[in-house]
Amino acid sequence: MTEAMLSHVMDALDVETFLVCSSENEGKDRAIGLMRSLGFQDVDIVYIHYAGPGARVRVRAYIYRPGDNYAWVTAQESRQ
Amino acid sequence: MVTCLERRKILLVPLDPVHDIGLKMIRRGLDKAGHKTLLLPPDLPSEEIISMMSKEQPDQVLISRTLGYGVAELLARFADLADAAGLRDKMGLVIGGMAIRPELAAELGFDAGFGPGTSVEEVVAYVEGRPYQRDANKVKKTKADLTANYTYQYRHNAIGELLDRIADGILGWVQGKTSPAIQRSRLRDNLWDIEQWRLGNINKDFTEAYSALCDPIAEAYYRSGEVHPKTRQLRAEEIERLEAYLTDTKSRMEPAKVQHWEEGQPKVFIQYGTGCPFMDIAHIKLSEAWGADGVVHFDPSWGARTEGFIGDFLTHQEDGSVITPENLSWTKAGLEEYTLWQVRAHRGLNTPETVVLAGKLGADLTKINIAYGSLAAGTDPARLTVDGVESIKMAAKYNLPFDVVTNEELAGVPAHKAFAGMLIVAALGRKLGGRPILQPLFCYSPEVMISGQMEQNYIDFNAAKIKALRKIMDAPIWPGAPIGFLTQTEDRVQSSMTTSLHAALAASLRVDAISIASSDEAYSGGPIVAASRLDTLTAVKEGFRFFGEGRVEATSMADRWADEMVQNIEKVLKDVADAPSFVDALYNGILGSKEEGAYPGRGGRDTIQVE
Amino acid sequence: MKVIGIAGTAKNTGKTTTTAALLQEGYRRHRKMAITSIGYDGEELDNVTGLPKPRLWLEKGTIVATARKCLALSSADIQVLEDSSIKTALGTIVIGKVATEGLVVIAGPNKAFELVRVKKLLEKYKPNLLFVDGALNRMAPMIETDGLILATGAARQIDPALLALETSEISTAFRLPLAYFSKLGNQPGFVYWQDNHWHVKPLAQNLLITSAEGEELAELVSSNLKEGTKGYINLPGLVTTKAIDKFLEKTADQIKGWSIHFRDPVSLLLSSSPREVGQMIEMIQEKGLKAKVRRKIPLLAVTVNPFFPEYDAGAQLYRSRFLPKGLLESRMYKLPLPVFDVKRKGALYLWRKSIGF
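Protein chains in written order, with my numbering: chain A, 1 to 80; chain B, 1001 to 1611; chain C, 2001 to 2357.
In short, the hints are calculated from the structure, not lab data.
Some hints could be false.
Calculated pairs, DSS-like style, for lysine-lysine (alpha carbon to alpha carbon, straight line, at most 25 Å) [claimed, not checked]:
id	chain 1	residue 1	chain 2	residue 2
1	C	K2343	B	K1009
2	B	K1250	B	K1332
3	B	K1090	C	K2087
4	C	K2353	C	K2343
Some but not every residue of chain B turned toward chain A, in silico, with C-beta under 10 Å [as the list claims (entries may be wrong)]:
id	residue
5	T1247
6	D1248
7	M1253
8	R1533
9	T1538
Some residues of chain A that are not near chain B, with every Cβ distance over 10 Å (derived) [claimed, not checked]:
id	residue
10	F18
11	V20
12	I32
13	S37
14	L38
15	D42
16	Y64
17	A71
Quick caveat: nothing in here was measured; it's all calculated off a predicted structure.
Backbone N, C-alpha and C define an ideal beta-carbon position, used for all residues, glycine too.
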């Protein structure tokens, strides 16, 4: 189900948010943890800026890296 | 410069495969301080570096290396080699780079570790054996007085005379008139003791007299404790959590700045009003942490149409946070001492009392505009004129500068008419000992959409507004609200960009403050989110960094339009002065007609009483 | 006071597990113990891999030498006895006594000469044992201990055969004989030889790192050398196998029967990888020379840890993995010292094998 939903994502899914936390490391852990909890494995923090109240983050889950088998191509093939 | 006795020899070692810029910056700082530095080529084997250390016998060895897998072991081995070579009691070993923390430096066998965000000055201090005063270099922030440098002198004599005549006319007209709002505001001023209130002591005389002056909704609160149907009282445990959150967050707050050129670039205000005071405070904290200088309280529009305030710590799921003494008091508790706080009074049926509450609860600024409030915000012109004068008096009494916003432009009123209204209120302020701040809009207004002044660029017409106002009065200017209004789309990059550019324009025009939107400005499907607030603060900071003391240059159209604007303002003011009264002028469309989208409001009509 | 060092060959080789087991057994035996570390260890999260790490549980009466900033991070109450004024990245090192038991973060001195000072300070409080917990793969300060336990394992080398080989080379270095020679003050970085009388020549630098420096040493020795002289070379603290190779290439024939004195097994092992150090020792012996150390530190035991962090490139994080139980030690049973997995054999076994009674 989720896979089908993600198959039209060209390459990656970014989550942009603000995480309430008390250090940059905590922010990183929480950001990665968040993506993991959503079922993503290939995740990375693109950007994080921490200040007092928490961290502004952009955390990414790659659906396809270059060279992968892109479902948005195969899906189109099967349609034809 | 250090003396020859204090001069240190420092070996700089890039252990990365490439030279890093940080080490070069540090080298420059050390050289400037008079130390002797030696920068090794990148990527030397550890043994060769040890050999150099032994030959050169520096006082300190500064190594830069980005951490990665296996690098910790490499650095630890390096420390071991230095130890085994008998160099560790002869020189200091310092590590710097991404992901380096003091604990890691200790673990790796170094004397000190400098991570990202380390200033060159910090490293120089370390090398010289001085304690580094982080505080001395930390951003210092004090509350700015936006009105400090202004005389409020008229620069255009004819307009000045007109404004004085109109202001005198208004003061004469309101003589002997009063309203429920004025009576409430005086009760609040005289009988409501904030210290007693904080102790939970309710003044029955105040409550009784006050509830008699309220709408049924507010009256019900005082009679039976019912709160407004759109609101919910925050529970005791929620308040406890807020307190814990605040204590925790405040302990971690560090002052931050958006401005790059401190003295010359405007103070930056954000607007909050999520509906929930708790969320407001959370948003305020992160805006402060990202450098906002001031915050503006947005209350719900229904609050302006209800006679009287209720109490309690109230949350609410619509736009705007309800003004109650508790809500304002909590918000104030959440603010850093250097943050400017504006509570808007400008437009409704509680204008003078809002000023009193704001003053008693420690706000720094308020907002008053009779013309806007009665032409585009639904309040009866006569009522708001009476209330407005009282508001300005209260603002003077509580020492609150107030901006005079010209949002009627957004309804379609041409800038020169909105400005005429703004200047009249400013002239009243001047007469009553208040400190008005002019607030022209930096927006893509209906007027320019129709007449095309922004077809070519967004610069000229906005610049013309500032130039025109400066030709008339020596007063502070705070474009808003928010700048770039109606140029923003739902796209966060576009939205942040246009805000940043408008901020840069405002800075070029050397205005005193700006209000900025979040990158959610154009989205109307729900509340603003935290991340979007930071987008525009970051974008504006970058804009300020980019321009510094440099300027955005307007074309010659700006001067032409400014001159036209001044002439038109004079014409409008003449008409107002010739009208039977200012209130008549408002009703008759002189400061904005129905064709232009201005409709005299009905809220509070026929509520003026004879004193 | 006996000083026992626990050194690791890499991060995650089980130093802290070994130290914790020693403490546990020591408490059971009512020994008065002191603990410090080389730099910082016992942090909750491994700085590099992000995996959780155990911290040390200390009971009342334990003497600690740790950086001041660590006191606040510890759940045990520590009464500060004195400040050593030794500076570290985490504040000065203080000597303290555990007042109420709890977890403690230890960050001790991270240089050899500072460990000497800390040892002196701790001696005043008369502990039976001082444990020096290593950090990462830090080794150099361990020369100041009376005996060493080496923690190694899959985190250092995942191939059991290669790990066994490397451990064997390490134990060879520790088994080098002690050099008994006290002629003329016996200073490091000097060459001594005797024909009719003793000759002394100093090395230019107090280290021997580059092959050029090896060549310099060769020239120093081989010029004016008469046939059949006896002598020895007191190598400086830090040498590399590369420099030694170069030196021997030029002089081995002239100095047959001489002794080459390394400072100690720990700094010898720093000269290159254990494999290359082993080959160098072999080569010295093959050429008819004797490799010795001026200072001997007994290697008491080797503990092996099957754990290793595996990097998941896709997820960009480390995952915990373990080699099968017993796989590592089975390769090393021939070594003339105890090799075992502390988690399997337990604290009592560790104590018996490394401390004895």
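Here is how each hint holds up against the structure:
no. : hint              : in the structure
1   : C:K2343 / B:K1009 : violated (49 Å)
2   : B:K1250 / B:K1332 : holds (13 Å)
3   : B:K1090 / C:K2087 : holds (14 Å)
4   : C:K2353 / C:K2343 : holds (14 Å)
5   : T1247             : violated (12 Å)
6   : D1248             : holds (7 Å)
7   : M1253             : holds (4 Å)
8   : R1533             : holds (8 Å)
9   : T1538             : holds (8 Å)
10  : F18               : violated (4 Å)
11  : V20               : violated (8 Å)
12  : I32               : holds (15 Å)
13  : S37               : holds (19 Å)
14  : L38               : holds (17 Å)
15  : D42               : holds (18 Å)
16  : Y64               : holds (23 Å)
17  : A71               : holds (27 Å)
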